[in-house]
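Chemist: Spelled out, the chains give:
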Amino acid sequence: MAEILNCKGMKCPQPVLKTAIKANILPAGTVLEVQADCPSFHDDVVKWCNDSGKVLVSFVDKGGYNAATIQL
Amino acid sequence: MGTKISIEPITRLEGHGKIDLFCDDNGAVERAIFQVPELRGFEKFVEGRPAEDMPQITSRICGVCPTAHHMASVKALDALFGVEPPPAARAVREMFYHLFMFEDHLLHFFFLGGPDFIVGPGAPKEARNILGVINKVGVDTGKKVIEIRKICRELMAEIGGKPIHPVLGLPGGVAKQISEETREKLKAFSKNAVAFAQFTLKAFNDIVLANKDYLDLILSDVYYMKTYYMGMIDKANKVNFYDGDIRVVDPDGKEVQKFKHADYAKVIAEHVEPWTYIKFPYLRDVGWKGFTEGKESGVYRVAPIARLNVADGMSTPLAQKEYERLFSTVGTKPVHNTLAMHWARLVEVLNAAERITELSELKDLTSPEIRNMNFKTPGEGVGIVEAPRGTLIHHYQANEKGLITKANLIVATVGNAAAINMSIERAAKKLSVNKKVDEQILNMIEMAFRAYDPCLSCATHSLPGKMPLELRFKDKYNKILRTVFRNNDGKAVSG
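Protein chains in written order, with the numbering used here: chain A, 1 to 72; chain B, 1 to 495.
Read the hints as simulated data drawn from the structure, not as lab findings.
Positions of the beta carbon are idealized from the N, C-alpha and C atoms, including for glycine.
Check each hint, because a few of them may be wrong.
Claimed, not checked - Capping the alpha-carbon separation at 30 Å, the derived lysine-lysine pairs in BS3-like fashion look like this: (1) B:LYS429 with B:LYS260; (2) B:LYS162 with A:LYS47; (3) A:LYS8 with B:LYS279; (4) B:LYS401 with A:LYS18; (5) B:LYS176 with A:LYS22; (6) A:LYS47 with B:LYS212; (7) A:LYS11 with B:LYS176; (8) A:LYS54 with B:LYS429; (9) A:LYS62 with B:LYS176; (10) B:LYS176 with A:LYS18; (11) B:LYS376 with B:LYS289; (12) B:LYS18 with B:LYS279; (13) A:LYS18 with B:LYS260; (14) A:LYS22 with B:LYS401.
Unchecked claim - Facing chain B, from chain A, some residues (calculated, C-beta under 8 Å): (15) GLN14; (16) VAL16; (17) LEU17; (18) ASN24; (19) ALA28; (20) LEU32; (21) LYS47.
Whenever a hint applies, use it, and build me the whole structure from the sequences.
Modeler: Encoded structure:
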């Protein structure tokens, strides 16, 4: 069961900052699903995973928002 | 019989201020205080806000220098989230910041402080404003001033999203890459900017320095004070507005401190007076000895002449020549002459224009690698830039959720607060003793603070030369003996 982080309604850079803050307090290996509707969220989360060494498992359009599944 | 004279509000500055002069039984000024009679409260109401909101919130402190707050705040967030911006982001930030320094300094010279010299301290006050300046230097030059600032602010909007309250900086980078098309615009602008800065320095030379009365005024002991100085320097000890260590020199010019941003609280302490909302920072090691000058007093000064005093030179060749000319003309280093701030400001205008040229040639400027997102757990961050008005410090603490738990801002004008008080007192004492207080003396007292380009809160601005101003002479029992005021026509009238 993935941890859920709801970032809907937040604008860049907030979704990735909230993701980073959450990631720093969860154990390594945890699966985190980040939900966001910011237009730049896809590019931002790809870049954040790349910079911080996390694995972006999937990025799915859920209709109205996107869900990024990340393994920490 | 003791009297008190109030100048409220003071004019041609950013924000609201008031000057009270306390006179002895013979009418000589014993004490002068420079008050900021309003509370902003930013440091308190940001508590509990997400740290990433700070660059947008704190830029609202000021409508004139939002870019300085935005940039100090973004740098504080870099430290708070433990991210170093990539070279391209740094180049974009520096470009944006030098555009800001260029246009902001010109605003002060032509619109706020310059009228005192270009039009003259004794000119009718309805002429001591930008229109009087245009009348003196010619309509074509006036158009050039407005045009160059307009283009500069349009470029700032292109890079930073808006000309004021920018949305450029993010922790670890910037929001937007600069395009090659914008680079070409910056290159074209920079040529004009350098030429305009040189033209302005020549105008200052011809109108001010070539006028013996003005030069004597700049060098007179009315506007002279020996203090410590503080400013940012690069690795070669040259003036830097965006990044570098902070250096402090004593009244003899000897380096006494050189510190990293995070260590500012080890060097600077703050004194509070009950009669104003402004704090009075001082050098912790020297201590607060009251509103006194000299090596024994911890009072320090920031802003253009302070930056030039602490540095070994300017980072660009044309500005370096002007730097050398300034110090050779005055004949001392440090320069303790407060009115030399105006000259130093123009040296910095030229430096900013030259840096825009250098940055416009930088390969990294248009690189898409503008963000580092390897954020650490939020903690504590200090961000410092050189605002036009001096060293600007933002210090934040956040909890593990990234919410602000404490904020401390030492705004540039605050750094000069004690010195402004002392400068006003000195000018008032020397100018008003046994003389009828007239329009010219009032203005010359105001010139003592105006040189610092103080930015008190930026809540509102008033049209220059039309401010209501009233001086009340009271006895020690607070009974009003005489009143001098400016009427609606702007004339000094005794009542």
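Chemist: Could you run down the list of hints and mark each one as holding or not?
Modeler: Taking the hints in turn, this is what the structure says about them:
1. B:LYS429 with B:LYS260: violated (39 Å)
2. B:LYS162 with A:LYS47: holds (26 Å)
3. A:LYS8 with B:LYS279: With a Cα-Cα distance of about 41 Å, the restraint between LYS8 (chain A) and LYS279 (chain B) is violated, given a limit of 30 Å.
4. B:LYS401 with A:LYS18: holds (8 Å)
5. B:LYS176 with A:LYS22: OK: LYS176 (chain B) and LYS22 (chain A) at ~26 Å, within 30 Å.
6. A:LYS47 with B:LYS212: Roughly 62 Å between the alpha carbons, so the hint for LYS47 (chain A) and LYS212 (chain B) is violated.
7. A:LYS11 with B:LYS176: Measuring from Cα to Cα gives roughly 15 Å; hence the hint holds.
8. A:LYS54 with B:LYS429: The given pair, whose Cα atoms are some 67 Å apart, is violated under the 30 Å limit.
9. A:LYS62 with B:LYS176: holds (27 Å)
10. B:LYS176 with A:LYS18: holds (21 Å)
11. B:LYS376 with B:LYS289: The given pair, whose Cα atoms are some 42 Å apart, is violated under the 30 Å limit.
12. B:LYS18 with B:LYS279: Holds, at roughly 15 Å.
13. A:LYS18 with B:LYS260: Holds, at about 29 Å.
14. A:LYS22 with B:LYS401: It holds: about 8 Å lies between the C-alpha atoms, which stays within 30 Å.
15. GLN14: holds (6 Å)
16. VAL16: Where the cut-off is 8 Å and the nearest Cβ of chain B is about 6 Å from VAL16 (chain A), the hint holds.
17. LEU17: Check passed: Cβ of LEU17 (chain A) comes within 5 Å of chain B, closer than 8 Å.
18. ASN24: Since chain B brings a Cβ to about 4 Å from ASN24 (chain A), closer than 8 Å, the hint holds.
19. ALA28: Status violated, d = 14 Å.
20. LEU32: Result: violated, 14 Å to nearest chain B Cβ.
21. LYS47: For LYS47 (chain A), the interface hint holds, since the closest Cβ of chain B sits about 5 Å away, which is under 8 Å.
The structure is inconsistent with the numbered hints 1, 3, 6, 8, 11, 19 and 20, although it conforms to all the rest.
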